[in-house]
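Chemist: Work from the hints to combine the two standalone chains into their complex.
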Amino acid sequence: MKVLVPIKRVVDYNVKVRVKADQSGVDLANVKMAMNPFCEIAVEEAVRLKEKGVVTEIVVVTVGSKTAQEQLRTAMALGADRAILVETEENTQPLGVAKALKALVEKESPDLVILGKQAIDDDNNQTGQMLAALTGMPQGTFASEVNVADGKVSVTREIDGGLQTVELSLPAVVTTDLRLNEPRYASLPNIMKAKKKPLDTVSPADLGVDLTPRVKTLKVEPPAERQAGIKVASVEELVDKLKNEAKVI
Amino acid sequence: MAKDAVGYALTALNKMASSDLLDRLGLRKLAERMAYTLTRTGFQVITTSARTFKSAGTPNRPQRLNTPGHTTDLFDLNITDEQQMIRDSVKAFADDVLRPRAEAADAASCTSEETVAAALELGLNFFAVPEAFGGAASERSPVTTMLVAEDLAWGDMGQAVAILAPMGVANALTQWGNADQQARYLPAFASENPPKATLAVAEPRPLFDPLQLQTTARRDGDHYVLNGTKSLVPLAAEAELFLIAAQTDDGPAVFIVEGGTDGLRAGEDPSMGIRASGQRPLLLDNVRVPAAQKLGDDDFDYRAFVDLGTLAWCSLAIGTSQAVLDYVIPYCNERKAFGEPISQRQAVAFLIADMAIELDAMRMLTWRAVCRAEQGKSFRREAHLARTLCKEKAMKIGTDGVQLLGGHGFTKEYPVERWYRDLRAIGVAFGGLHL
Numbered sequence: 133m134k135v136l137v138p139i140k141r142v143v144d145y146n147v148k149v150r151v152k153a154d155q156s157g158v159d160l161a162n163v164k165m166a167m168n169p170f171c172e173i174a175v176e177e178a179v180r181l182k183e184k185g186v187v188t189e190i191v192v193v194t195v196g197s198k199t200a201q202e203q204l205r206t207a208m209a210l211g212a213d214r215a216i217l218v219e220t221e222e223n224t225q226p227l228g229v230a231k232a233l234k235a236l237v238e239k240e241s242p243d244l245v246i247l248g249k250q251a252i253d254d255d256n257n258q259t260g261q262m263l264a265a266l267t268g269m270p271q272g273t274f275a276s277e278v279n280v281a282d283g284k285v286s287v288t289r290e291i292d293g294g295l296q297t298v299e300l301s302l303p304a305v306v307t308t309d310l311r312l313n314e315p316r317y318a319s320l321p322n323i324m325k326a327k328k329k330p331l332d333t334v335s336p337a338d339l340g341v342d343l344t345p346r347v348k349t350l351k352v353e354p355p356a357e358r359q360a361g362i363k364v365a366s367v368e369e370l371v372d373k374l375k376n377e378a379k380v381i
Numbered sequence: 083m084a085k086d087a088v089g090y091a092l093t094a095l096n097k098m099a100s101s102d103l104l105d106r107l108g109l110r111k112l113a114e115r116m117a118y119t120l121t122r123t124g125f126q127v128i129t130t131s132a133r134t135f136k137s138a139g140t141p142n143r144p145q146r147l148n149t150p151g152h153t154t155d156l157f158d159l160n161i162t163d164e165q166q167m168i169r170d171s172v173k174a175f176a177d178d179v180l181r182p183r184a185e186a187a188d189a190a191s192c193t194s195e196e197t198v199a200a201a202l203e204l205g206l207n208f209f210a211v212p213e214a215f216g217g218a219a220s221e222r223s224p225v226t227t228m229l230v231a232e233d234l235a236w237g238d239m240g241q242a243v244a245i246l247a248p249m250g251v252a253n254a255l256t257q258w259g260n261a262d263q264q265a266r267y268l269p270a271f272a273s274e275n276p277p278k279a280t281l282a283v284a285e286p287r288p289l290f291d292p293l294q295l296q297t298t299a300r301r302d303g304d305h306y307v308l309n310g311t312k313s314l315v316p317l318a319a320e321a322e323l324f325l326i327a328a329q330t331d332d333g334p335a336v337f338i339v340e341g342g343t344d345g346l347r348a349g350e351d352p353s354m355g356i357r358a359s360g361q362r363p364l365l366l367d368n369v370r371v372p373a374a375q376k377l378g379d380d381d382f383d384y385r386a387f388v389d390l391g392t393l394a395w396c397s398l399a400i401g402t403s404q405a406v407l408d409y410v411i412p413y414c415n416e417r418k419a420f421g422e423p424i425s426q427r428q429a430v431a432f433l434i435a436d437m438a439i440e441l442d443a444m445r446m447l448t449w450r451a452v453c454r455a456e457q458g459k460s461f462r463r464e465a466h467l468a469r470t471l472c473k474e475k476a477m478k479i480g481t482d483g484v485q486l487l488g489g490h491g492f493t494k495e496y497p498v499e500r501w502y503r504d505l506r507a508i509g510v511a512f513g514g515l516h517l
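Sequence order for the protein chains is A and B. Residue 381, in the numbering used here, is where the first sequence stops; the numbers in between run on with no holes. Residue 517, in the numbering used here, is where the second sequence stops; the numbers in between run on with no holes.
With the rest of the complex left out, here is chain B (with noise of 0.2 Å):
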């Protein structure tokens, strides 16, 4: 109503302000005084009259709107409370033990007995095996698995893959085996001193494609025979189980192989990087093994089980690159060049936020695969995407590692350079960058 009032007062006075008459009568001065006088105490009438405010009561105290409550899923990237201690734990354990012994495993071209016998008291065998066969595993778990690999490769990229091998073969048994399958070989992972064991998938070849195996699997009454060369297998000459991808006439499967079998043997092939986890060709020639060690039934998912051990790779590469970021920022903060620490060159510092912001990328690409991986969504495309992804940047950020030491990362007295080494492997595993 008021509003009303004065909107109808203001218009007759605007109108009366622009006439000519004013002018003629010499009353224009006055008219527009009234005018903004009228406005300003209009205006005022109204704020002030329009609304009444009501208390509703008084609180105790002032009312806020808490958090979201917990996962909805959709870019929900907090860890829990067991699985942050977890890392806490598999960290400290890549700090004492990985990291001092990392040069001379590298050295070696193998992860020792001790090492291998100081990780069995994070349980990780334990940890991928049901609690049917003595395992602590009660859901699956591919997020944790990929948390623990991180951050053991934060210590070192060659002795986690020696250590993450026999897992990922307990948690593919866990995942696809059979019956007899899981009962013949799980119990073993679960107990003090658990087999060693491998995967097979990549073999040596230009634009490898895990869909179409040059390593055959032909069928000869109840056994399969194999034969080929598969590239990049860890612990390939001590393995005590194989998992071995192979073409069969029904498209790829995958074959349990007892170490020791005929026609298996392991080849010479010193990588550049990753040399800790002891990985060579593995050559088969005519090697016979039962029908009924073809992994899984019906239910076996190829493409799934290839999917997981690349985003698995993915992680690895995730946790070594942090390393370098970790170990070149308080570098470049401290290195003096011109008198003052080198971060202060923005050359410098871009490549180090640059470094930062890629990591970042690698990491949410990667958890977001594996998250849909332990919902039991479909993962195949995001996992090709952070493969993609970690496959270039992680090698970039190997690369920028050892160009911001400068002379010192060209050396073997500085980390970086096993680091750049390791990290080119991603480049390489599960096939070229261009797949």
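Chain A with its partners taken away, still in its complex shape (with noise of 0.2 Å):
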């Protein structure tokens, strides 16, 4: 059985944004980059099925600059067996990406497309979903319990107050939530073999989409700073001012 994980370059998780000078987006010069971390729990997840017998062949996928290999070069250290990057210089959006995918699973007929729910940079939640409906495979998103068994994975999903369990027939998309597992880390003898791992590359053309943005970014703006809190003098001024200024009471 063949898994498809596509993943994503974002900034790293613990740097802290700053927006650019002309409000285009976020400064990225000299930021440190990583994988998503959601996309990590969906590599971890294909690995885990790959240990357990369940699946035979991982391959790790991203849509992205050529930097990005860098972040295909983990997956494969943390257990995926090769990596095709799908080079572009465009700013890559969850249409384009999930058409893009769409060429990927029909080139590379996998079984299980298991991806993250959503990329920690600009948290559309959209691919996933988007690649479920333009294959018209069975979608499983949220997911934070995944089993694989007679052509079949059954999804226990993160919905609002409480869990629910569907069951996809294979080919399916699972999309992973924070709770499914927690990543490994890459050994260093893994990190070593990951570099004799193949990596492809191609060109949007080759597989015949286009990437043009769709979505115009009209502004990027910080959030508005938080008011420091005052302290209260008595217990009338605290009631007073739920009252008149917050106006909860």
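Among the hints, a few may not be true.
[Stated by the list, open to error] BS3-like cross-link-like pairs, simulated, lysine-lysine; straight-line CA separation at most 27 Å:
no., chain 1, residue 1, chain 2, residue 2
1, A, K327, B, K418
2, A, K328, B, K173
3, A, K325, B, K173
4, A, K348, A, K363
5, A, K148, B, K418
6, B, K173, A, K164
7, A, K325, A, K184
8, A, K134, A, K184
9, B, K376, A, K148
10, A, K198, A, K284
11, A, K329, A, K148
12, A, K231, A, K198
13, A, K329, B, K173
14, A, K363, B, K478
15, A, K152, A, K134
16, A, K134, A, K231
17, A, K184, A, K231
18, A, K239, A, K182
19, B, K478, B, K459
20, B, K478, B, K418
21, B, K173, A, K198
22, A, K348, A, K198
23, A, K327, A, K182
24, B, K173, B, K478
[Unchecked claim] From the structure, some residues in chain B lie toward chain A, with a derived Cβ separation under 7 Å:
no., residue
25, M167
26, F175
27, E203
28, L204
29, F208
Because the hints were derived from the structure by calculation, they are not lab data. It should be emphasised that the depicted structure is a prediction, and the values quoted were computed from it without experimental measurement. Using N, Cα and C, we set each Cβ at its ideal position, and we do this for glycine too.
Modeler: Written out as structure tokens, the structure is:
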């Protein structure tokens, strides 16, 4: 069984991002980049399925610039078998990426596509769903547990107010939530081995897809700074403020 | 040609202009004007006619110079992509596992089994053992080892030492062990449950000199008999394998001693810092070791063995110093006094700037020494320079870290107190400052 794991290169989650002076986006100069944490969870889940003997091959893929090779190598150090980079300098957006992934799904015909529920840079939470819609595959989003057996995958989903378990026939699309697993650390020997694993580069044109952005970013602004709190002298003052300033009682 | 003509004309005009005759004839104004005009037009002629520029075709894009090709070894401090990935992985481990457990490990004076087991996930043990013995190492890599040491110590120096000590033993066996010694000990290091192992070189005496050891190894038939006291031995009470340096008649040598050998005993001496490494004195009372357990054959390089150990301490110091720097910057930017962040005060800002400069200097000296070691070049001098600087500056950075946090720094509620104690160890490891 083959698994396709799409991943994304994003700003490291530890970095405090800054908005560019011209408000065109987030300043990426000299900023540490890393694999999106939800994508790490997706890679880890695929590797665990392989260790269980359910999966035989893990193909990791990303749509992005040449530098995204670093994240593909990391995924291979974690246990993926080979990698595909769809190289583009365009600002990638969910629909374009989903189309590129659809083309790769047709080419690779995986039994399962596991991807992060969203990327921490633009928090779209769309690519997995769009890919399922475009390919006609069933989808199990926000997975906190995944079990594959007898040509089916059962996915426990985190929904408002509880958990929902769905059963999908393969091939299927699964998007990972935070509690699905805890990704391992890439071991030194596996990092050295990752260097020798194959990494193919294709262009969007090779796949016959157009990645031109459909959504235009007008302006990026940092969130408003939170005001410092104040101390009140008495309960009466507190009640007064809650009533007349905050208007919550 | 044009230049010459203008030159002669100007010389003549200048001569004429400075002559008294003009004044007598009332012609000065006219002559000066002539000189001015001719000079100006003359130079214009030169600049426009002396050279013609021809285009060498129209290339598609401007030509820029590339950065020089990789590694000429002089001041190339870039690390490879693999090394960067290793650093990312090790640092994530240090952040997630070592940091949260540092306080407890320090208090317990030992690194927990869970931490040691978690560290196995990084595969450090495999990395130190050649492929032939089931490991994953194909080439010597002191640089990578030092990067690992730095990043682990960034998490916590005490636990880092406990994790790295077995790796140090495996590395030494790989580099110098003879065929029998390697076959006997290395496969165990490349297993799922590698042995706890450690090195014992330092001795508790003033002006310790690793080349003049007081621990003796007396030859007795086909055995050596070891006597003396070793200090600062990590995992001393629990190690299953020791590499112990001792003075023989032919100079210093290193012996492979298995844990539980008669006469081998760990002392009691709770250290001030790096307590999580479980370091204690090691007492040797007539420890009999077969002669075949003397590390290596004739090619054993004791000097390099000692110097690589020194550089490992330097790397640990760099890691923990980096932890201090990473901590004090946001602290001083957020901590307010007199209505503004204390980093606005020059006394504070200068201290932090010095810290950053000294830390980079420590790192560069150490990397240079390790880089030479990796290339098989002599690195004794470089190791000494790195050691001298690291000993002095690591302690200073530790002290300044506490100072910058003021009263907070003096409490156990903030990690700088522990980092201070850990960095203090660098000053005494491998002898005093003034060796």
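Chemist: Could you work out which of the previously given hints the structure breaks and list their numbers from low to high?
Modeler: 1, 4, 9, 10, 11, 14, 15, 17 and 19
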